[in-house]
Structures are given as structure tokens and as C-alpha cells.
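Colleague: This is what each chain is made of:
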Amino acid sequence: MGFIISHVFMNRLPAILFILLFSSGSLLSQNRHTVSGYVRDSASGEYCIGANIYLREILKGTSTNTYGFYSMTVDDGDYTLVISYLGYHNFEKKIKLDKDIRLNISLGRMVFTTGEVVITGEAQDKNVKSTDIGTVRMDVREIKQLPVVFGEVDVLTAIQLLPGVQAAGEGSSGFYVRGGGPDQNLILLDEAIVYNAGHLFGFFSVFNPDAVKDINLIKGGMPANYGGRLASVLDIAMKEGNSKKFEVDGGIGVISSRLALQGPVKKDTCSYIVTARRTYIDVLVKPFVNLQCSKDQGIIFMISMAKSIIVSRTATGFF
Amino acid sequence: MNTTAVYSDYKFEFIAEQDNFGFRLFSGIRDWTLKSDFNYFPSVLHNIKFGGIYIYHTFIPGNVSARINEDTLSLNKIIRQYAHEGALYVNDDFDITEWLKVNAGIRYSLFRQVGPFTRYRKNEIDQIVDSVVYKRGERVADYSGIEPRISMRILLNKSTSFKASYTHNYQYLHLAAISSISMPTDLWVPSSDRVKPQFGIQYAGGIFKNLRNNIFETSVEVYYKTMENMVEFAEGAAPESSISDNTDNSFVFGEGKSYGAEFFIAKRKGKFHGWIGYTLSKTTRTFPDINDGEEFYAKYDRRHDFEVIANYSLNSRWTFSAVFVYATGNTATMPVDFYLIEGNVVTEYGKRNSYRMPDYHRMDLSATWNLKPLKVQSMAVENSLVFSIYNLYNRLNPYFIYIDYDGDALDGDLTAHAKLVSVFPILPSVTWNFRF
Chain A
22 MGFIISHVFM NRLPAILFIL LFSSGSLLSQ NRHTVSGYVR DSASGEYCIG ANIYLREILK
82 GTSTNTYGFY SMTVDDGDYT LVISYLGYHN FEKKIKLDKD IRLNISLGRM VFTTGEVVIT
142 GEAQDKNVKS TDIGTVRMDV REIKQLPVVF GEVDVLTAIQ LLPGVQAAGE GSSGFYVRGG
202 GPDQNLILLD EAIVYNAGHL FGFFSVFNPD AVKDINLIKG GMPANYGGRL ASVLDIAMKE
262 GNSKKFEVDG GIGVISSRLA LQGPVKKDTC SYIVTARRTY IDVLVKPFVN LQCSKDQGII
322 FMISMAKSII VSRTATGFF
Chain B
29 MNTTAVYSDY KFEFIAEQDN FGFRLFSGIR DWTLKSDFNY FPSVLHNIKF GGIYIYHTFI
89 PGNVSARINE DTLSLNKIIR QYAHEGALYV NDDFDITEWL KVNAGIRYSL FRQVGPFTRY
149 RKNEIDQIVD SVVYKRGERV ADYSGIEPRI SMRILLNKST SFKASYTHNY QYLHLAAISS
209 ISMPTDLWVP SSDRVKPQFG IQYAGGIFKN LRNNIFETSV EVYYKTMENM VEFAEGAAPE
269 SSISDNTDNS FVFGEGKSYG AEFFIAKRKG KFHGWIGYTL SKTTRTFPDI NDGEEFYAKY
329 DRRHDFEVIA NYSLNSRWTF SAVFVYATGN TATMPVDFYL IEGNVVTEYG KRNSYRMPDY
389 HRMDLSATWN LKPLKVQSMA VENSLVFSIY NLYNRLNPYF IYIDYDGDAL DGDLTAHAKL
449 VSVFPILPSV TWNFRF
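For the protein sequence lines, the chains are A and B, in the order given. Each residue of the first sequence is one higher than the one before, counting from 22 in my numbering. Each residue of the second sequence is one higher than the one before, counting from 29 in my numbering.
Extracted from the complex, chain B is given alone in its bound form:
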């Protein structure tokens, strides 16, 4: 038996500023966690685990604001939310025969949002018409789910196996990204009377084979996933800061689908080792209230993702490494038309995530030089120098795109330019490491 109690207090503040673009975010989560796991080995054929976890969450008011030119959006006075989360599970890793092994388990999870909490209700034109106040400890919303999990391995021969798995999952916390800004944003919100838990099913299968006495490891894996109750901010959501509101009132909900194949080959031993990986995948979303209900690519939909990692130990003093990565560019939503209405520029956006940014690729190199131990009094200090070059051929990879305006609409010479921002050019560096 192994019991853990954790108290964690997490605060996050994020600020980014540029000439005509700014972003600021603050949020926090406080958790009390109690967790217990038991291991039970009735025979060498079984490895049974069972246990449970309980978490009391406090979601601390956050504050988000973003600025594009002179326009500031902000989400103020996010209301503090409280919730209980728990789960019980049992899992067995079972050697049925020499060639068949099964890992089967079941998890029961539950979530309850409790007061104090105030729910603001809105009408069709987004005005608050009503509010419901919950007292401390009062139940606001209840969810629970059964999550079966199974995976199995069939040994085809001594060094080859086929594996398959089926996984059910519930998720009660959500991270909402502000859709109009393609920046890493962090705003955790719990499931509530309005936000249902996310639910996912994953089917996966693969062939695993080792070659040359486990020097080479290879695998091909495929997966298919469906996700429900995913969260996004509503299209054009620019919540006003003037009134109190629930953050989740500006959310819309939808489904996701993802499938792909992963190819992997690694050399695990020897002076020369490393791996090559390739992923072919597709990830889409369907939200009734986004993109007219049509399916669209996720922001991080990536058709191709390829990486090569190579390490070479020349001798006991020098080691060299190289990394090459290539990936299809992220998607983005771009403006297609601008209108002038009463002197203001109004932007019309194209289909959600219909624009594909340029491909991402980059190569890095490093060399580690193990120096002779330094003698400091009676101690020998092992030390090494690591020389590293990031983005060797100085590729300007896309980071995000923003629209820059020039001229004046009233003079009739307003022009809009899409500008691509890159962040990291070629970056050489050196680090001295020591140990004694």
C-alpha cells in the first residue's frame, strides 16, 4: 500500500508585449489530493493494482487581457469555483499464456461542483437576465463515468509482438484557449452545470519488433480517437469587462476526431545510436456553433511529423548529437475581407483554420567535450563543455501571424498586411557542467 497526500498551489501569470500586440493572463488552482494505491500479487501470473484518488479543487479567479493595436479585450472577475473529484480503479496485468498477456482494468470517476457559486443566465442577445446563487457546499453539478481499459499483447515470435488497446476516458477539467489569438494561453476551468466533462475513446494497435538481439527497436502503431464535449470560446467572443459573468458562458462545445500512424525505429546500443520517427495524422473538430457547424482542422492538426535524432560517441571525451525535425505548419484563421462601417474597420474572417502556415523544419547540433577532472583540494570535479547550435541553417519558422494596418481608413488609404512572426533564429551556445 502506498498513500500520498499532496497540497499544491499553482499560479500562472503570462505577459507578452510587442509594439501593437499584447497579452496578459493570470489564473490559479489550489488542490488538496489524497491518493492510495495497492499492489497485490496473488501469483506471478497476475499483477493486480487497485486504489483511489480524491482531489478538492479551488479554481482561483483569473484575469485575462489581450491587446491588438489599441483594442483591449479582457475577461475580468472570473468567478471562483470549487469542486470535488474522485476515482476508484482496479487493474490486472495478467499473463494468460506464454504468448498472450492482457492488461485489463476499470476506473470509476466522479466529479461534483459545489458552492459558493453564482450562475448568470443570459438571453439570446447576451444580456444577463437572471442569476442563481449556490451556498457553500451546495451541489451545483454532478458527473460520473465508468472507464473500461484493456490492452493485450500477442507474441508472434521471440522478438515480435502485436498489441491492441481500447481506452475510455473522462476529463473534468478543461483548458480554454482564446480563439482569436493564436498564443499559448492557459485558463483552466472545471466542469460545471454548463460544461460537461470531456469524454474520449481511443483504439490503438501496433506491431513491435526488435532486431539483432535488441540492438534495433522498431514499431508501427495506429490509433483512432474520438472526443466529445470539447471546449472552445465562442466565435468572436470578446467578453466585456463591465459586468460579472461566468467564463464558461462564452464557451461552445463540440467533438473531435483524430487518427494516425506512427513509425519508429531506434538503435539502442553502440557508439552510434538514436532514432527516426514519422507520424502521419489528421485531427479535426466539429462544433455546431463554429464554422457554421462544418468540420474544421484543429489548430495543431499536423499531416506529417518527422524527426531524426543521432548520437555518436567518438571516444570517452567527445560525443556528438544531431536533431532534425520537420512538421506540417499549424493552421490559422485568416481575414478575407475588410469593411468600413461608420469609420471603423470590420474584419471578416475566412473559414476556421483554413489557412496553413508554412512548414516547420530545423536542425540542431551539439558536441559534448568531457574535460579532465579538476582537482580542487582533494576533490576531483568532473566537468564537461556542451557546445550547441540551435536552428543551424537559420530557418525562420512561423510562430504566429498577425494583421498590421497602415494608413487611415478615413483617408481611404488603409492597407492591411499579414505579418509572420518568427522567434528563434540560429542560436549557438555553450554550457559548462560540473559534478563532484
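Bound conformation, chain A alone:
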């Protein structure tokens, strides 16, 4: 029985994203005002997606969007603003709402002594309380724990372990959601559409886990802001890069090595993250196979400038 060798060359000229953020319009009236702002991790400066914000007195709340932004408009009064985010210390602050308030918050990470791993950063009962149906959010920390072939952590192989999501047999570049075809999944990397996320028969996706913050999969009940594909939305949020200090993450594995560099361009306002991955499977298998291809590319390379630009724009827009 022969061994099949694939050879994939992918040139996704890094999707260049320009993102401009402007203040979201608030409804101004005489006795209602808005409290809004960003929620971030105090250590890395990464935005917290899906953090819960509520006003204790009236038990009303909202959650942060994919840019870590929240906004609530309520009747004027004195409130206690509470922010909770699993894996982080709660934040509480008394606010007097008689004008629009901008409140940016940094949350401190909890330290676990038992080695216990935090699964998700969401409200713990979100699966019961929200209108989301057929929706799963996975934290990349959870994905990184799973046993994987050749030690290669991969977001796409991780979601194939969820009900309703099928791996297309061993190592296919696609995944199938609820009987839909591989073309019926809308894969978004930040805001950019990814047409094919697979490498090497799909054994590795183009998404370097060191650059991914979290992933959200919608299998059914797709909200109207998504469209163009029938079966699912896979929304992959990338890290913005550490805006506090320089950081290096990397790994040396059997068939590939990877490196991610991140750090502030300007402290707290602008950051970058650059990741690279090189598989040497092409080198390893060369003695055993007859590769009939002219281009010999095994490099999987991805540069993310996306969120760092967002951060800098936010800075000029808001501060």
C-alpha cells in the first residue's frame, strides 16, 4: 500500500485589513445616557470578547463585542457596574449616570494553582440564556490541550470534535456541518473571508494557534449579519498582539516548528503580532516518494497585521 503525498502551496497574500472604528452613535435624550468602553486583559492588553457587563440595581446587561467594546443606554441614576469574565477577577464600580460615560476597564487574570484549565471566557450560563442556537465557542487554550497528530495543534481539527461537525474522513481539507458541503462554511479570519483553510489534505489549517484568540462556530440559527454560505459560520478572532510587553511563543515539533512574536509598537495603544510556521514534512518524506512538482514550497506563513491596525485606530478615535 502506497503512501500518498500531497503537496500544497498556498499563497494567501496576507489579507490586508484596514479597520476604522468610530464611536457608535448613542441615543441622546434628556434622561437617558450611555456608558460604554473597552474591556481588556490587564497583562497583555488583549481585548476580552464576550465579557458580561451588567448594572446590579436593574439587573440589565450586555456583553462585549469582538473588539471588546460594550455600550448600554439606560435611564439616569446611580448604578453599580459589574463586569464578569470567566478566568478573570470581577470588576465593580459605582457610576453616576447623568452624562455619557466612557469607561475602559482592564481585568486581572486569575491565577490557578491546581493547573486547572479555564475553558471559556463567557458567562457560564450563556448556552442556556442566549438566543444562540447551534453555536459553540472554543477557547484556544482548550484547543491546545487536545492530543494531535505530530503534535500539531489545529483549530479545524478541534472543531471537528463537536457534534454536528464532521471531519471529511481522515485529513480532508474541509469539514461538513449538518450535512452541508465543504463550500457552505463561511470561514472568517477577523473580518476576511477565507476560501480554503486546509493544508496538507487538511491536516493542518492555515491558522497558527499562537495567533488565534478564540473561535466561534454557528451551525444553525445564523444571525442576519452573516451570510453568503448555507451551512455555518466559523468566526476566528486573532490576537491583537501584546500591547504591554514583548512576547515570544514557539514550538519545536516532529514535522514543524512555529514562532510567534508580539509586542507593543507604542505601549497600550498599538501592537503587532507576527507568526510563522515551517513544516519540514516535505524534507522528511522526500527520500520515500516521487514528487512530481516543480514548485517546492512547504512554508506556511501568515502575517497578521489586522488587529494591530484596529488598535491604533481605536487610539486615535477615542483617547
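Keep in mind that the hints were calculated from the coordinates and are not lab data. Take the hints with a grain of salt, since some may be wrong.
Said to hold, decoys possible - Now the in silico label distances, taken between C-beta atoms and shown as ranges:
#: 1; chain 1: B; residue 1: 165; chain 2: A; residue 2: 111; range: 53 to 59 Å
#: 2; chain 1: B; residue 1: 344; chain 2: A; residue 2: 63; range: 40 to 46 Å
#: 3; chain 1: A; residue 1: 103; chain 2: B; residue 2: 424; range: 52 to 58 Å
From the three backbone atoms N, C-alpha and C, an ideal C-beta is built for every residue, glycine too.
Go by the hints and put chain B onto chain A.
Modeller: Here is chain B on its own, set in the frame of chain A:
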């Protein structure tokens, strides 16, 4: 308000070679995208989103060729296509009462294929008899659709809810798989004067319950989907490379249906956590021009799909994980008869996807060992070793089946064997991760 502009240039090349089997594909898509989203919170009860997206697509000529023994099929000179795609939407997540919450939205999408473009027209015996040439920017085809979406949540008690949703969807881009080869192939084609947009409706419902103060999360979800204008290559399509042609001239169109139930239980906290999922489902297709118009199973129809994921944190240094997956095998179309016509072997295939490959199952294990931080000058380098075994009991899972011929037809001793190919045997590995 949040506005995004994206330029993306995507090229895909895929080559697979084996002794008597080969496959090669190249294609590309270039997109200019402009997207704007607004968030509006008139009160804490409402979260209104509205916005729009516009994409200008360029589908760059691709090239596909496949080789089985000495026979090569190829699709050459795929014609470049251009299209505008856009959508507007409004969506409200509305807390009506304490127990009832509704997420309702509507999306209006439109698609226009524009020139330059050449449409070749064919007669019944597949000869090009005519062509229509469109100038730059000239309209070739127009489509639009209204897509209502609604989902609601009814809180039954503090930790239990019932949810239901109804979703309409249009899809203007299609991925055509070459039917005779069960390999992952990628050829994106836009809707055109010949290819209508895919249209889908999904009904879904489910019960969600958390137990023991959100330590356990459970759900049962059911869904029923219908899909129209799905695309496949025509049966026995082996497009000749000698003449220019539109790729979509070899397409046939049909419907799909899919329904199933998903069971999920997860333990979210504690030293021991993980989840178990089970899906019972059925996916069929009906194409007037395939399988004599009879309904057939989709290639990835999967009756049973079961997975167990378990993680255990022994202490701050050691973490263990195990994964077990089981799935019904994929379907395939197999030859049933061989004829010898003028010295050539002619294969007659059985009913579309009527053969079921053996079941797929596999177990993986991993152990993460957090090592003491390394001191490099003044820095502490956190580092860990991940030991992992993929396919622990070395199951030879089916990857695909091909037919191998032995002997010579003219000598009368030609035999055909179906061969099952497996790709990944037991694979141990170790990775060293670091961070500073």
C-alpha cells in the same frame, strides 16, 4: 460603527501523486471587500445591528488535471469570471420578557456577474455551436434574495431553556467536486447565467440545560434542512482539454436534504473536564441528471458520529488528554461491471454512493509536562513538553478506494481489484513549546 476594507488574493495549488494515481489543481480568487456594521442600543432590552457588505470578486483561471493509470483528465483554460456581491441586513436581539428572548433579522443579498465573459453554448451531443461575448462591465446575470432569520429562547427555569430557529440563506459561490475522484478538490465557481445561487432553509430546535451550578452543560438539538441548486459535475464528466469551454457547462444541479439530532454533554470545570457528543443524521441529494434522478446519499452522509474528549489535570505539572472518535464510513460509487469494447476496458458503475466504506474510528492520547522555567540571562522561559500518540491502536481507517488493474485485456487475464488506501497509522510525536 465599524468599517472594514479587505483585499485578499487567494491561490490554491494542490498536487497528489502515487504510482497509478495523480491529481493536480490550481485556482485563485481575488476579492475587494468593503464592510460596515453599526451597533445601536436604544435600551438595554435591545441590541440592534445593521450594516452592509460589498465584494468585487475575480475568479482567476484555474487548471485541474487528474491521472488514473495512464488516463489523464484535464479542465483547461477555465474562463476568468467577475462578479459583484452585496448584502444589507438589520438584526435585533430583543429581551421581550424575562423568559422570552428573540433574535430576529432580515438580510437582502444580491449578486451580479459582469463581463468580460464568453458563454459557449452546446448542443445535445456536447459540441460547441455558439458563443455569446459580454463586454467589460456588461451584465451577464443578476440574482437577489430576501433572507429572513429568527431564533428565540424560552427560559423554562433558571437553568433550562428551549430554543428554536428558522434560517433562510442564499449562497452565490459554489465549490465543485470532481465526482469520479473522491479526493478533496477545490474549484470555486460563481453563480452565472447558467448556475443559480444555492438556497437553503434550516429549521432547528433544542433543549439546553446546565446542571450543578453550570459545571455540566447539556443539550439536545434537532435540525431539518433543505438545499436547492446544489452543484455537481455531470455523471461521467471528463471535459476535454482541446477546446475552450465554460467549466459550468459540465455542471448539473439538484437538491439536498439533511436532518439529524445532536446530543452533547460537557463538564466545563474541575480537574477532570471534557465532553461527549453524538450525532445521528442523514444527508441525501436528488439530481435529475445523476443516478437516474433517484435520491442518493451524499458522499459525507454519516449516520452515526460519536466523540469523547477527556482532559485530566493531575497537578500543576502534568495534564493528560484523550480523544476517541467513531463515525460511519463515507459513501462511494463503485464499479459493478467491466466490459471489453474494441480492446478497451469500459467500466460500469453502480448506483451513486451506494457503497459504504468501513467505519472510521480512532483514539489519541496526549500528556503535557510543564517543565521548570528556564533561566536565560534574566528571563524566565516557561516551557512544556507535549507527548502525543495519534491513532493509538493503529486502526487502518479508509481514506479512499481505487481500482487497480492487473494483467492484459487482450490476453484475457485482466483482473480488477478495489484497493483501500489508509493514510495515517499510529503516530507518536513530541513537541517542545516555549514562551517568554
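Colleague: Going back to the hint list, which numbers does this structure go against?
Modeller: Failing hint: just 2.
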